[in-house]
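There are 2 protein chains.
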Amino acid sequence: MTALDEVSRPGRVAEPDEAISLEELALAARNHALPLEALRYDVTPVGLHYLLIHYDIPDLDADRHTLTIDGRVERPLTLDLAALRERPRVTRRVTLECAGNGRALLTPRPVSQPWLSEAVGTAEWTGTPLAPLLREAGVGPDAVDVVFTGADHGIERGIEQDYQRGLPVSEALRDEVLLAYEMNGVPLLPQHGAPLRLVVPGWYGMAHVKWLTRISVLDREFDGYQNAVAYRVRTDADDPGVPVTRIEPRALLQPPGFPDFMSRTRVVRPGPCTVEGRAWSGHAPVTGVEVTTDGGATWVPAELAPARPGQAAASGEAEAVDDRWAWRRWRYEWTATPGRYTLSARATDASGRVQPIEQPWNRGGFANNLVQRVEVLVAAE
Amino acid sequence: MTALDEVSRPGRVAEPDEAISLEELALAARNHALPLEALRYDVTPVGLHYLLIHYDIPDLDADRHTLTIDGRVERPLTLDLAALRERPRVTRRVTLECAGNGRALLTPRPVSQPWLSEAVGTAEWTGTPLAPLLREAGVGPDAVDVVFTGADHGIERGIEQDYQRGLPVSEALRDEVLLAYEMNGVPLLPQHGAPLRLVVPGWYGMAHVKWLTRISVLDREFDGYQNAVAYRVRTDADDPGVPVTRIEPRALLQPPGFPDFMSRTRVVRPGPCTVEGRAWSGHAPVTGVEVTTDGGATWVPAELAPARPGQAAASGEAEAVDDRWAWRRWRYEWTATPGRYTLSARATDASGRVQPIEQPWNRGGFANNLVQRVEVLVAAE
Numbered sequence: 001m002t003a004l005d006e007v008s009r010p011g012r013v014a015e016p017d018e019a020i021s022l023e024e025l026a027l028a029a030r031n032h033a034l035p036l037e038a039l040r041y042d043v044t045p046v047g048l049h050y051l052l053i054h055y056d057i058p059d060l061d062a063d064r065h066t067l068t069i070d071g072r073v074e075r076p077l078t079l080d081l082a083a084l085r086e087r088p089r090v091t092r093r094v095t096l097e098c099a100g101n102g103r104a105l106l107t108p109r110p111v112s113q114p115w116l117s118e119a120v121g122t123a124e125w126t127g128t129p130l131a132p133l134l135r136e137a138g139v140g141p142d143a144v145d146v147v148f149t150g151a152d153h154g155i156e157r158g159i160e161q162d163y164q165r166g167l168p169v170s171e172a173l174r175d176e177v178l179l180a181y182e183m184n185g186v187p188l189l190p191q192h193g194a195p196l197r198l199v200v201p202g203w204y205g206m207a208h209v210k211w212l213t214r215i216s217v218l219d220r221e222f223d224g225y226q227n228a229v230a231y232r233v234r235t236d237a238d239d240p241g242v243p244v245t246r247i248e249p250r251a252l253l254q255p256p257g258f259p260d261f262m263s264r265t266r267v268v269r270p271g272p273c274t275v276e277g278r279a280w281s282g283h284a285p286v287t288g289v290e291v292t293t294d295g296g297a298t299w300v301p302a303e304l305a306p307a308r309p310g311q312a313a314a315s316g317e318a319e320a321v322d323d324r325w326a327w328r329r330w331r332y333e334w335t336a337t338p339g340r341y342t343l344s345a346r347a348t349d350a351s352g353r354v355q356p357i358e359q360p361w362n363r364g365g366f367a368n369n370l371v372q373r374v375e376v377l378v379a380a381e
Numbered sequence: 001m002t003a004l005d006e007v008s009r010p011g012r013v014a015e016p017d018e019a020i021s022l023e024e025l026a027l028a029a030r031n032h033a034l035p036l037e038a039l040r041y042d043v044t045p046v047g048l049h050y051l052l053i054h055y056d057i058p059d060l061d062a063d064r065h066t067l068t069i070d071g072r073v074e075r076p077l078t079l080d081l082a083a084l085r086e087r088p089r090v091t092r093r094v095t096l097e098c099a100g101n102g103r104a105l106l107t108p109r110p111v112s113q114p115w116l117s118e119a120v121g122t123a124e125w126t127g128t129p130l131a132p133l134l135r136e137a138g139v140g141p142d143a144v145d146v147v148f149t150g151a152d153h154g155i156e157r158g159i160e161q162d163y164q165r166g167l168p169v170s171e172a173l174r175d176e177v178l179l180a181y182e183m184n185g186v187p188l189l190p191q192h193g194a195p196l197r198l199v200v201p202g203w204y205g206m207a208h209v210k211w212l213t214r215i216s217v218l219d220r221e222f223d224g225y226q227n228a229v230a231y232r233v234r235t236d237a238d239d240p241g242v243p244v245t246r247i248e249p250r251a252l253l254q255p256p257g258f259p260d261f262m263s264r265t266r267v268v269r270p271g272p273c274t275v276e277g278r279a280w281s282g283h284a285p286v287t288g289v290e291v292t293t294d295g296g297a298t299w300v301p302a303e304l305a306p307a308r309p310g311q312a313a314a315s316g317e318a319e320a321v322d323d324r325w326a327w328r329r330w331r332y333e334w335t336a337t338p339g340r341y342t343l344s345a346r347a348t349d350a351s352g353r354v355q356p357i358e359q360p361w362n363r364g365g366f367a368n369n370l371v372q373r374v375e376v377l378v379a380a381e
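Top to bottom, those sequences are chains A and B. Mapping of the first sequence onto full-length UniProt numbering: position 360 corresponds to residue 360, and the numbering continues sequentially without gaps. Mapping of the second sequence onto full-length UniProt numbering: position 113 corresponds to residue 113, and the numbering continues sequentially without gaps.
Check the hints yourself; a few may be wrong.
[Unchecked claim] Derived coverage of chain A by chain B (criterion: at least 3 residues anywhere in the stretch with Cβ under 8 Å from a Cβ of chain B; other residues may be distant):
{"no.": "1", "stretch": "10–23"}
{"no.": "2", "stretch": "108–116"}
[Stated by the list, open to error] Quick list of simulated restraints, FRET-style, between CB atoms:
{"no.": "3", "chain 1": "A", "residue 1": "R85", "chain 2": "B", "residue 2": "P10", "range": "50 to 58 Å"}
{"no.": "4", "chain 1": "B", "residue 1": "Q359", "chain 2": "A", "residue 2": "P10", "range": "28 to 36 Å"}
{"no.": "5", "chain 1": "B", "residue 1": "V300", "chain 2": "A", "residue 2": "E381", "range": "58 to 66 Å"}
{"no.": "6", "chain 1": "A", "residue 1": "D70", "chain 2": "B", "residue 2": "E18", "range": "47 to 55 Å"}
{"no.": "7", "chain 1": "A", "residue 1": "A297", "chain 2": "B", "residue 2": "E221", "range": "49 to 57 Å"}
{"no.": "8", "chain 1": "B", "residue 1": "R87", "chain 2": "A", "residue 2": "R85", "range": "36 to 44 Å"}
{"no.": "9", "chain 1": "A", "residue 1": "P240", "chain 2": "B", "residue 2": "P16", "range": "36 to 44 Å"}
{"no.": "10", "chain 1": "B", "residue 1": "D294", "chain 2": "A", "residue 2": "P285", "range": "53 to 61 Å"}
{"no.": "11", "chain 1": "B", "residue 1": "P108", "chain 2": "A", "residue 2": "W361", "range": "31 to 39 Å"}
Source of the hints: derived by calculation from the structure; they are not laboratory data. Don't be surprised by glycine CBs; every beta carbon is placed ideally from N, CA and C.
With the sequences and hints as input, model every part of the structure.
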């Protein structure tokens, strides 16, 4: 055992009776979730978007930052921020979700960042499309993966690393992929990848590499830690598993009424009550949301907002903002009568995927899109 | 037992072997802390400042929002935001800390928002001083407390309430107290109290009422929940206790080197290593910070930055910003040699208060300024 192994232990699953540790709590305090009432905003206000930072937020100087494109390309490139800002500018409204969202609700619980259901957010990302840059560099015909390197440095399960994540070249060349330098109309904040990050609409957050310094084209599959070890759906430690990729469908419900401070249980007055929220999928457009107010015994369809609401861009862009990869609002008009209720919603997308009502367990705790449960007490004053 | 009591239970202290519950975890996911590397910033970037929201973030319309000043005043007033913005404008750099900071590190642990050490942040708050407004309203000679009401509504330990907190009239009339409508040069974000909040430099966060709707002058001590029940330092449930008021001195250390993802233990290379951080107190200026690299066996003085660094205001104010109530930077040059270390820092202020090295336990888990412990492995590559 090396000295580094002493402070960086292998991944594991909690014992059946093992509660949340102080290590998991420390991650929960750093990496914050969307407060569920913030589902009310089409675009998540700054500071309420979820955050997952593997190591430390790096301290980068935007004026001296450069991006290098190299590997299996004909013409390696190095660009500074000014050069990137001179290129075509695009804004997309994109919902991002952490691949580990829902992990702490799994039984048994994989021990890592202990997300409940709220590791999500929607922002307007402004930047320049990646594909034309890769074409200018001249991606070789033997290209397989494109590796994105961030400036955040740390150690994880014994491996010291800059955060690096590979993407198949076909995904990297999609029109929608952006090198983003603004979020919601202002320069990226340090915690969201300033001065430059990747945005891969439809994919879980691990693909959207922050504090981007290098893009390298490989003639093989990337076998770095975040692709080959972490972010794989495995049944057990020996299973090679499959990579985590696109976001599974999920609906979240904006809890109605008002909360109890400690339990976060909701109190709702008897009478008409709008049950509403957001739904999204990285595979295909959301085609339906169903709601239950009786803990899953019966499901009724919710009303889905139009796919392209044509809202003004929060970023101040003159053009309509592409929101194909953003969440959609849904609502259901409920008549609340006194009693205790468990409310849930489940999303279906055009690929036929439906949110499960049994947990989709895997050893890393990834892509757990089990339906959310919102506990409600309907009571008069 | 009423229906509301079912979902809103009394305060309690965890059993000796009771780990963090899912309820505590849910609060940790909502109410985020300062990532410790963000101690590098004089003014905390938006989204990294700590947040404690008792109920839900309210959905308020700045254009229709009004503030009412009433109670024991000669001339009750109602003002909108435009009227407040026309009044004298002041910016102050203020460090805010949650009164519950450090709670989850107490033994036994009071069950509430489970803060570790990082519920703090420093912002530039811009607004108009409160005292002249109270004088215009004509505070009666029999005034005792001033009650500030926020628009956030919920239930806490069985009591349904809008968040309300009283301040002694002498504190409310201090020159430094602000009605703030901007933070770091932009309008308040929803989670920080938009469109209007109170800022009471030197006091713990519970006094800085967000989403401010009403200021009422009383001829008696305010006996509402947040003053008479919560936010009191008590030895046990029967102790009437004393109110939580000003921030106790604390130093926090910006963890050196780089972290392990899961344990957050730091890895530092052998050689010169700057150990630095911030220190503050709400009672009096910080006069000294001491550092230990041997788990508290010996303490050595750190170098304190000048009290008034004269930094340019982040808010873009032309005038120098008052930073008497902001944290001060400190540093200590360490020579790291291979091994395991526990680093800590402790602050002393001009009132003679020193950070304790034994936990200052109380039943609500308030004002726990026990010294932070940062675990470090010094190892070559």
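Here's how the hints hold up against the structure:
Beta-carbon proximity to chain B at under 8 Å applies to 6 residues in the stretch 10–23 of chain A; the threshold of 3 is reached and the given coverage holds. Here the stretch 108–116 of chain A counts 5 residues with a CB under 8 Å from a CB of chain B, which clears the bar of 3, and the coverage holds. Checking the proposed 50 to 58 Å range against R85 (chain A) and P10 (chain B) shows it holds: the Cβ atoms sit about 57 Å from each other. Between Q359 (chain B) and P10 (chain A) the beta carbons are some 33 Å apart, a value that agrees with the proposed interval 28 to 36 Å.
Checked against the given bound of 58 to 66 Å, the beta carbons of V300 (chain B) and E381 (chain A), roughly 60 Å apart, stay inside it. Evaluation of the 47 to 55 Å hint for D70 (chain A) and E18 (chain B) yields a pass: the beta carbon distance comes to about 53 Å. Taken as a hint, the range 49 to 57 Å holds for the pair A297 (chain A) and E221 (chain B), whose Cβ atoms sit roughly 51 Å apart. The beta-carbon spacing between R87 (chain B) and R85 (chain A), approximately 39 Å, falls within the hinted interval of 36 to 44 Å.
At roughly 43 Å, the beta carbons of P240 (chain A) and P16 (chain B) sit within the given window of 36 to 44 Å. In this structure the hint that D294 (chain B) and P285 (chain A) lie 53 to 61 Å apart at CB holds, the actual value being about 60 Å. Between P108 (chain B) and W361 (chain A) the CB atoms are about 33 Å apart, so this pair conforms to the stated range of 31 to 39 Å.
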